[in-house]
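Number of protein chains: 4
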Amino acid sequence: MLNADQLSQHYRQVRAHTLALAAPLSGEDASVQSMPDASPTKWHLAHTTWFFETFVLEPREERFKPFDAAFRALFNSYYNAVGEKHPRAQRGLLTRPGLDTVLAYRADVDERVLRLLARLDHAALALVELGLHHEQQHQELLLTDIKHLFSCNPLQPAYREAAVYAAPPKPLQWQAFAEGLAEIGHAGNGFAYDNEGPRHRVFLPAYSLATRLVTNAEYAGFIDAGGYRDASLWLADGWDWLRAQGRGHPLYWHQGDRGWEEFTLEGHAPLSHVSYFEADAYARWAGARLPTEAEWEHAALHGGEHLQQLDDTCWQWTASAYLPYPGFRVSEGAVGEYNGKFMVNQMVLRGGSVATPRSHVRLSYRNFFPASACWQFTGIRLAR
Amino acid sequence: MLNADQLSQHYRQVRAHTLALAAPLSGEDASVQSMPDASPTKWHLAHTTWFFETFVLEPREERFKPFDAAFRALFNSYYNAVGEKHPRAQRGLLTRPGLDTVLAYRADVDERVLRLLARLDHAALALVELGLHHEQQHQELLLTDIKHLFSCNPLQPAYREAAVYAAPPKPLQWQAFAEGLAEIGHAGNGFAYDNEGPRHRVFLPAYSLATRLVTNAEYAGFIDAGGYRDASLWLADGWDWLRAQGRGHPLYWHQGDRGWEEFTLEGHAPLSHVSYFEADAYARWAGARLPTEAEWEHAALHGGEHLQQLDDTCWQWTASAYLPYPGFRVSEGAVGEYNGKFMVNQMVLRGGSVATPRSHVRLSYRNFFPASACWQFTGIRLAR
Amino acid sequence: MLNADQLSQHYRQVRAHTLALAAPLSGEDASVQSMPDASPTKWHLAHTTWFFETFVLEPREERFKPFDAAFRALFNSYYNAVGEKHPRAQRGLLTRPGLDTVLAYRADVDERVLRLLARLDHAALALVELGLHHEQQHQELLLTDIKHLFSCNPLQPAYREAAVYAAPPKPLQWQAFAEGLAEIGHAGNGFAYDNEGPRHRVFLPAYSLATRLVTNAEYAGFIDAGGYRDASLWLADGWDWLRAQGRGHPLYWHQGDRGWEEFTLEGHAPLSHVSYFEADAYARWAGARLPTEAEWEHAALHGGEHLQQLDDTCWQWTASAYLPYPGFRVSEGAVGEYNGKFMVNQMVLRGGSVATPRSHVRLSYRNFFPASACWQFTGIRLAR
Amino acid sequence: MLNADQLSQHYRQVRAHTLALAAPLSGEDASVQSMPDASPTKWHLAHTTWFFETFVLEPREERFKPFDAAFRALFNSYYNAVGEKHPRAQRGLLTRPGLDTVLAYRADVDERVLRLLARLDHAALALVELGLHHEQQHQELLLTDIKHLFSCNPLQPAYREAAVYAAPPKPLQWQAFAEGLAEIGHAGNGFAYDNEGPRHRVFLPAYSLATRLVTNAEYAGFIDAGGYRDASLWLADGWDWLRAQGRGHPLYWHQGDRGWEEFTLEGHAPLSHVSYFEADAYARWAGARLPTEAEWEHAALHGGEHLQQLDDTCWQWTASAYLPYPGFRVSEGAVGEYNGKFMVNQMVLRGGSVATPRSHVRLSYRNFFPASACWQFTGIRLAR
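Protein chains in written order, with my numbering: chain A, 1 to 384; chain B, 1 to 384; chain C, 1 to 384; chain D, 1 to 384.
Calculated directly from the structure, the hints in this document are not laboratory data.
Computed from a prediction, not measured in an experiment: that's the story for all the values here.
Among the clues, some could well be false.
If chains are identical, the list can't say which one is meant, so a pair holds when it fits in one copy or spans any two.
As the list claims (entries may be wrong) - Using 25 Å as the maximum straight-line C-alpha spacing, the simulated SDA-like pairs for lysine to any residue come out as follows:
1. K170 x L116
2. K341 x D224
3. K65 x R247
4. K85 x P24
5. K85 x G327
6. K341 x L181
7. K170 x D240
8. K85 x D240
9. K341 x R115
10. K85 x Y193
11. K65 x A123
12. K85 x F342
13. K341 x G248
14. K341 x P198
15. K341 x D110
16. K170 x N3
17. K85 x R199
18. K65 x L114
19. K341 x W285
20. K85 x L233
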């Protein structure tokens, strides 16, 4: 675990990075919510600050006085133990406090946390570290949420220029792994979320993993072959989802004069923004399947050198539902609401994306979203 | 009708007043939409400008070039004849163009309209005048919409200080009118919307009208007497509406330590923000009824000196459905969509409110809203 | 008003006619509800009986004992004053009591009502008469509701053979009426609902009425001319309704090999099953309008000999919203809920249909439905 | 596998049992659908027959002629490969064909299947056997669906008298199992669904299983202790589900004069009709957890003699999401839609219930329902 000095340094870096991500956005951009699943940038800025104020400062600061007492409920996301919370779907109605006030809130809490840091005990330092990982998650959400907001605007504003994937990808190969007992889950002293443990044994049959992710061009082949019109390729819920929405292609794709066009759409580029339903249907069409999370983690640990795009491109849907590891127990107190209570009706994603901060990536990391979610940077690695 | 000079003067005044109304609001306040019925301030600012650009400049300006071609669809409200329109419920997602750009849009169009004005023919001047009345309607909506947005914010920001009604109102009296044929509808040369004509005869039975509006204190008596729990007082649709929402009092009222509290809640103050359902139920409870719009207009013309709060306090629900007058024909072209197409499932309101610009008030004016609407400044004048 | 003997005779006839209407239906047909607006045949059979049991027998029969105490809530439609009621949308879940039990319920109440009839005072006899008119309304609803249920069945069962309109209709002509004061509303001693009075004066401008209803062929011309794709013909609410449903033709029409096919679709046949929205749009397209209810009633009284299909073909949408006549007061007691509480968001229909019992037809009759309703036998008579 | 003679015998028994289950129901009872998840009895009777007609008779019978060509779509449940299907939520609108016709359909298909049986090859006999297991599933659904329908009727009809649990249950004990590699999945030659294989190895940590199910009295203790008001006990989705419905107790429970009353509610009786959310929350409150399906199956195989109520009382929610076993492949053809396409957003239940036919029970059986489902006979066995 990081000591107080290291943590102080890390704190400054993470907090500054959030501000840098918000810098290209106007107060208006930062206030609006484009769907209940997404949150305004301003809310991300404030909620990550609320985490430190509520869990670190409030119980430890002498003569604690909140920056603004109303923020306690206003910027609570889902912690029932903390009390009231502003309804999720109404986060975009909070034109006040303005962005300026939220930035002042950040500065105030930063100063107080950094002042307090040297005097914190081990448990409190662990909370600060948790808060920074929490903030890094919101950094990624900030980007996916603003991408969604901008996609709703007919003017199609861009957050930044798209990456260019000029060169064709290497041919897809299969990396094989033999059957046997494997250990998965977080090991060692570094930080991990509670849901990454306990480390435990699983029996894995022999399997192979694709060495890279599926590309846009490969997925376009699935569409052109009638993939969205063939019920036999889809899970029943996926077929219903697709038909209820009239969906015939991934989110953010649209047919242009030169075929499929996305913000960054080049055939070479890795496919992104697919739901689990789409990933599962594509895999079936391709005569393959999605890996389980145990397969993915075992392969990443023991065959990682052969696997490209492991954690810097797209989160990779696994065939595993998000469930507790054997012996899992939620943490004490409000932070115990962090992970455990979401363990139903979600699928696990592994790896990391272009939007994931490098210091936030771990091979044992268990990201999770409902099977219909597609506004995250989510792609496909095949298994068989 | 106003000549070009008068119109030029009026144009400057109306357009400046809209800016003054928006002045207390931040870019964030101006961008957010709190419900599908309401629009962001920024949208009001842009849409009223779009009206002049689309209906006045585009067909008449030499080498017309739009300020931004995308605005044609973006700020179209409901004119099908103009083409595409941005979905009403998504007006709040337009963080771009920013408030600054919209203000520049206003300045640009203003300059071009004023330059063109001297050369416009009669029909075109009439369109400009219509556009200014249109803008005055949006001035009132801007205020009611921002009031609703702020009401959704737990911090309860205030747009401006509430009016104080220190003195008790005069006792409610009844002004009587004899039966007979009356003429209603707009007369003379001044401006009026198409729906205010043709002027026509109606037969009115004898009736009486209350000399003032119902007060908050009087309405609180209705609540205290169980008015919201007695189905026999309500229209069936009103009873369903009330129960679906768990409504037990007018919008913006809440029970505080000292009884009912509203932003401006004093017993003496006139009741506002009631739906037609509430107005109708109150009238029934009070042993009275709501006036028809013909009664209201006839009384306003012939007994106006005895009637207080006629057009400067609250719009007054009438018992009349919004329907065409005999012989009504919609105007030619896109502006024909202004009024006629809404003539079903709406009730007529007469008078004017604290938020209605004085030059926008007419005794023949037919305002209209669905029976459930209560975010406008809507009150009750009794009849019997 | 009918005396006890006449009423006894009328009672037997009306009650027997309801049974005759239900005779072609199985217990299964009679139990199912195809949409919240419609009710199962069994419910109609029971509810009309409940009316007599609750309003006639219960307050007057010595040692009154209900046939089944649970029926009081089970078969209450919307009378809040009577107490609890079974939710409207769940009428189709009542497989018990079975049809046999409901028929026994009818027989039991019939016997008791007929036994009591000779001893009833004037007010009670009036209630029985009201109950019979109430039952006649449900006779028509029984037919429209079973037609809707059968239309949901891919097997397309038929209630009875369709009428044949072999001969072409007479040419549409216009019957003219001069301007002047007219009296409308029920007159005389015969039965009428409370909403048909008080009789009162209205001023009518000069107008003309079509001598017959619009035919299927004429309406097909409107469709073929793009009527359902031209927003300028429709009320805004109608256009939204049409697009939300993807509606491109009247209810029960479908494109077949030989063009439009309906159960009874022949070009000569009068158009039926259109909403107010469709009637209003057709009239606009045809360069005409719908009559007001005052115009319709005045014409029916004074030019009836020239007007065909007045009350035996389809109910005719008028341009009048359903509102109280001047001086209208609801009746005392629960039966006061019969008409008055529906006076908002409904349009008036006049005349009568093929499904209306002949003794239920009156020129002053005010039928009413929401503007979107189209499962009734509703057609179009033009005015100008 | 059963030979043709055995199968013929089994066929007669299973088909007769379905009729026996439907015998207490009227045609009306058999036609109505109380919610989209449930189906009318008549539909169950017809759909199980459709299975034999479509999958067994149609491809094999010489000069096959359907009983009624329209039934092919009408009684298809969810087999996209078979073609059109009647919408699930509208199964209750099919008053025709009547119950009598459906019974004739059954008799006709039975005669033809039995005549054909002696000449069928191995693959076809396997299809008949599958069809009988399919029918046994619908036997249980028929009972749960009719129980739900009757629960919607204020008259509270009973299908049959409730079982009496007079004696207190044995004390709950814990049966322990050591860690190690286990094999789960179907073994041997008997019938099993495709989703029960392939048999495969899993590593199980040491665990204990409760020897009996949770009782009504135990669950009432959870309610009385505030279990439905303590968010910390619930999965987030479960908490939302509970609050959206205002749920404070299991389905079919209601507070009576003598405390909780259910159709069969005695403290000694095993708890039934709980959702996964409720089972999971109860387990957390009780300081335990739900077993995984691998634990359950291993325990049932190796410690079954100590485990009561294994498969004859209630299906038991497991902590396992419904996912394919390693190496799972769906069957060829339409029957491949039987299980695989539902493998997302469902939880596995193990065992069997009072409503499960004895010949339908297997220790490898994988039942599955969404986490919110509670109209099945679903209970709780704790693990730790």
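Here's how the hints hold up against the structure:
Proximity of K170 and L116 under a CA criterion of 25 Å is satisfied in neither setting, with 51 Å inside one chain copy and 57 Å between copies. Taking the shortest alpha-carbon separations for K341 and D224, only the inter-copy value of 23 Å comes in at or below 25 Å, while the best intra-copy value is 40 Å. In this assembly of identical chains, the alpha carbons of K65 and R247 never lie at most 25 Å apart, being 50 Å within a copy and 37 Å across copies at closest. In the homo-oligomer, the alpha carbons of K85 and P24 never lie at most 25 Å apart, since the shortest distance is 29 Å inside one protomer and 28 Å across protomers.
Proximity of K85 and G327 under a CA criterion of 25 Å is satisfied in neither setting, with 31 Å inside one chain copy and 45 Å between copies. Proximity of K341 to L181 under the C-alpha cut-off of 25 Å is found in neither arrangement, the shortest distances being 29 Å within a copy and 29 Å between copies. With identical chains, the CA atoms of K170 and D240 are never at most 25 Å apart, being 35 Å at best within one copy and 46 Å at best between copies. In this assembly of identical chains, K85 and D240 lie within 25 Å of each other by CA distance solely across copies; the values are 14 Å between and 33 Å within a copy.
Proximity of K341 and R115 under a CA criterion of 25 Å is satisfied in neither setting, with 33 Å inside one chain copy and 56 Å between copies. For the identical chains of this complex, K85 and Y193 are intra-copy neighbours only, at 24 Å inside a copy versus 47 Å across copies, given an alpha-carbon limit of 25 Å. Taking the shortest alpha-carbon separations for K65 and A123, only the intra-copy value of 22 Å comes in at or below 25 Å, while the best inter-copy value is 65 Å. Taking CA atoms no more than 25 Å apart as the test, K85 paired with F342 passes inside one copy only; the shortest distance there is 18 Å, against 35 Å between copies.
For the identical chains of this complex, K341 and G248 are inter-copy neighbours only, at 19 Å across copies versus 33 Å inside a copy, given an alpha-carbon limit of 25 Å. In this assembly of identical chains, the alpha carbons of K341 and P198 lie at most 25 Å apart only when taken from the same copy (17 Å versus 32 Å across copies). Within a single copy, K341 and D110 get their C-alpha atoms no closer than 29 Å, and across copies no closer than 50 Å, so neither meets the 25 Å cut-off. In this assembly of identical chains, the alpha carbons of K170 and N3 never lie at most 25 Å apart, being 42 Å within a copy and 55 Å across copies at closest.
Neither within a single protomer nor between protomers do K85 and R199 lie at most 25 Å apart by alpha-carbon distance, with minima of 34 Å and 48 Å respectively. Taking identical chains as interchangeable, the C-alpha atoms of K65 and L114 lie at most 25 Å apart only when both belong to the same chain, with a minimum of 16 Å there against 55 Å between chains. When the C-alpha separation of K341 and W285 is checked against a cutoff of 25 Å, the pair qualifies only between copies, where the shortest distance is 14 Å, while the shortest distance within a copy is 34 Å. For a Cα distance limit of 25 Å, the shortest separation of K85 from L233 across copies, 18 Å, qualifies, whereas the shortest one inside one copy, 41 Å, does not.
The earlier numbered hints that this structure contradicts are 1, 3, 4, 5, 6, 7, 9, 15, 16, 17.
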